[in-house]
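A.B. asks: In order, the protein sequences belong to chains G and P.
At position 19 of the first sequence (counting the first as 1) the number is 199 in the working numbering, and the numbers step up by one without a gap.
At position 177 of the second sequence (counting the first as 1) the number is 181 in the working numbering, and the numbers step up by one without a gap.
Hints are computed from structural coordinates only; laboratory data are not their basis.
Careful: at least some of the hints might be erroneous.
[As the list claims (entries may be wrong)] Taking lysine-lysine pairs in the DSBU-like style, the calculated list, with each CA pair at most 35 Å apart, reads:
id : chain 1 : residue 1 : chain 2 : residue 2
1  : G       : LYS356    : P       : LYS102
2  : G       : LYS315    : G       : LYS356
3  : G       : LYS315    : P       : LYS102
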Amino acid sequence: MNMLDVQDLSVRYGRTEAVAGVSFHVRPGDWLMIVGPNGAGKSSVVRAVAQAAAYTGRITWNGEDLRAVRPHVLARRLGVLSQNHAVGYSFTVEQVVRLGRYAWSPGLFSPQAADGEARVARALADTGLTELRGKSVLALSGGELQRVFLAQVFAQDPALLILDEPTNHLDMVYQKQIFALLEQWLQQPGRAVISVMHDLSMALAHGTGALLLDRGRPAGFGPVREVLSAENLQRVYGMDVSGWMRAQLALWQEV
Amino acid sequence: MSRGRIRTSGREAYALPAYAAFAALTLLTVLLCVSAGSVSIPPAQTLQVLRDALAGRPAPATAAASILLSSRLPRVLCVALTGAALSVGGAAMQGLLKNPLADGSTLGVSSGASLGAVLAIAFGIQIPGLPFAGTMVMAIMFAFGSLLLILTLAWRLDCTLSTNTIILIGVIFTMFVNSVLSLVITFASDRLRSITFWTMGSLSGSSYPNALVLLGALAVCGGVILAHARELNAFAIGEDNARSVGVDVRRVRLTILIAVSALTGVCVSIGGSIAFVGLVTPHVVRMVTGPNHRRLLPASLFGGAVFLMLCDLAARVVLRPVQLPIGVVTSLIGAVVFVLIFFRTRRQAP
Numbered sequence: 181m182n183m184l185d186v187q188d189l190s191v192r193y194g195r196t197e198a199v200a201g202v203s204f205h206v207r208p209g210d211w212l213m214i215v216g217p218n219g220a221g222k223s224s225v226v227r228a229v230a231q232a233a234a235y236t237g238r239i240t241w242n243g244e245d246l247r248a249v250r251p252h253v254l255a256r257r258l259g260v261l262s263q264n265h266a267v268g269y270s271f272t273v274e275q276v277v278r279l280g281r282y283a284w285s286p287g288l289f290s291p292q293a294a295d296g297e298a299r300v301a302r303a304l305a306d307t308g309l310t311e312l313r314g315k316s317v318l319a320l321s322g323g324e325l326q327r328v329f330l331a332q333v334f335a336q337d338p339a340l341l342i343l344d345e346p347t348n349h350l351d352m353v354y355q356k357q358i359f360a361l362l363e364q365w366l367q368q369p370g371r372a373v374i375s376v377m378h379d380l381s382m383a384l385a386h387g388t389g390a391l392l393l394d395r396g397r398p399a400g401f402g403p404v405r406e407v408l409s410a411e412n413l414q415r416v417y418g419m420d421v422s423g424w425m426r427a428q429l430a431l432w433q434e435v
Numbered sequence: 005m006s007r008g009r010i011r012t013s014g015r016e017a018y019a020l021p022a023y024a025a026f027a028a029l030t031l032l033t034v035l036l037c038v039s040a041g042s043v044s045i046p047p048a049q050t051l052q053v054l055r056d057a058l059a060g061r062p063a064p065a066t067a068a069a070s071i072l073l074s075s076r077l078p079r080v081l082c083v084a085l086t087g088a089a090l091s092v093g094g095a096a097m098q099g100l101l102k103n104p105l106a107d108g109s110t111l112g113v114s115s116g117a118s119l120g121a122v123l124a125i126a127f128g129i130q131i132p133g134l135p136f137a138g139t140m141v142m143a144i145m146f147a148f149g150s151l152l153l154i155l156t157l158a159w160r161l162d163c164t165l166s167t168n169t170i171i172l173i174g175v176i177f178t179m180f181v182n183s184v185l186s187l188v189i190t191f192a193s194d195r196l197r198s199i200t201f202w203t204m205g206s207l208s209g210s211s212y213p214n215a216l217v218l219l220g221a222l223a224v225c226g227g228v229i230l231a232h233a234r235e236l237n238a239f240a241i242g243e244d245n246a247r248s249v250g251v252d253v254r255r256v257r258l259t260i261l262i263a264v265s266a267l268t269g270v271c272v273s274i275g276g277s278i279a280f281v282g283l284v285t286p287h288v289v290r291m292v293t294g295p296n297h298r299r300l301l302p303a304s305l306f307g308g309a310v311f312l313m314l315c316d317l318a319a320r321v322v323l324r325p326v327q328l329p330i331g332v333v334t335s336l337i338g339a340v341v342f343v344l345i346f347f348r349t350r351r352q353a354p
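Using the sequences and the hints, build the whole thing.
C.D. replies: Structure (structure tokens):
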């Protein structure tokens, strides 16, 4: 049973067509990698799924049109982690993480979920932010800040995580940490992940499926190893991606 | 990664004793401001007159009672309510737009309200039997008209009503309205003194009905703003983050903009343009409370009232018997405080 179904998705910005005719689905346990060159429409697809961009086509959650879903209900289903976070004020780590519980008690008089405090505490612990919970987010490094927003989305406890290049600008240590956390998060039944990825090696290592985009059009959707074949990548990127990556890897055998 | 058990601090809002302390400080400032002035009234006598008035007993036929009840009390009440309204509106705008330089005037609504009031003064627009109501009604109408125009223009440019578009349109609208204001003032030279005094901000002619209007606006619009403290926290972290955690971004943004515009329109209609209160007070309060709006908004409400009452007291006593327009005092103090805050923040920036 598909949890998310996207049919014939198109996104336009003025007269520019960023995405056209894209269809895919996500099942529980899937980690779908959305890949393609710059300007392929990857971020537009995830923004449309998150209802943050105007689109045509149909996006459904267990058969229900997501356009009709209220924002706090949507946030219980989808959590979004973007690549950039420019926080303007000196909130503490814990205050930012706690906001992840908003969707579960959105009104002024909404009762708090019984396990709300425990989820905030667990999200802080899982992301290694226990010691930093009272620290201002303005004083954190890029990797620490990304972990704070990962903790927020863990506290939010959605069924589907949408990640827009989650480890962009992060060094390898943080990349490894964040992907390990995501793998661990995905172990729970009923959960799935969609990631926009530039790093094809990471896409192969962690993805179960892939959606390959080429100038806003679908160029392949299915199991990750089938979609990211040498032929498909050659066609979309206009170069021998597979050969180039093998050559890069061979350099490490000489070190 | 540590998986140790940790405790989180669930309480984010102020408890009752904190509100009692804020209220006590505000009442003490009210007492100080109604007692002090060109004629000083001993606090004990002030308390006696106020107690009698609250109990419904007839006021004693003394000069002190007359000054207190007919002149100072309505003025101080209006000043306190205006300060509270401008300050809570400024705090809300700074959170909503994630911009520490925003306040109720950022949208251009304050300028729009000023234009309405100046037109009423220049053309002598009045409502029979209701002195000052012409200026007030025109200011409120122009405040809402300005908001409508700004949002419509922003909508035509960008249907997501993004914060940046709204700020840009607000700045352009303010510049346009200011030039129209200058034009009106040029052609209304016979009423220049009245208009100029009003544009500098003054609450010297305030009455109890003015205070009631301000109280009503603050109760409704301030209540709406306070009820959206958590949503403002999300906006202050970022609009995309607010959407991601489940905030109805468009509805909340419109609600806060309308509430702040209504508050600004009512304040401008009664006291003219009083600058810097909505900008500086939330900044100073944030240094104590932190950015969490569940604390920042109520503290700004009381802080704005106290700040503006002290500014009004300074306006009345510093050059007595001459009374300065309150807007001049807030601008002088506000500009200096703001520069100090700015340098302090720049030095501390990571």
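A.B. asks: For the pair we were handed, LYS315/G and LYS356/G, check the Cα-Cα distance against 35 Å.
C.D. replies: holds (24 Å)
A.B. asks: For a C-alpha distance cap of 35 Å, please report whether LYS315/G and LYS102/P respect it.
C.D. replies: holds (20 Å)
A.B. asks: Is the hinted pair LYS356/G and LYS102/P satisfied, with a Cα-Cα distance of at most 35 Å?
C.D. replies: holds (32 Å)
In summary, the structure agrees with every hint in the numbered list given earlier.
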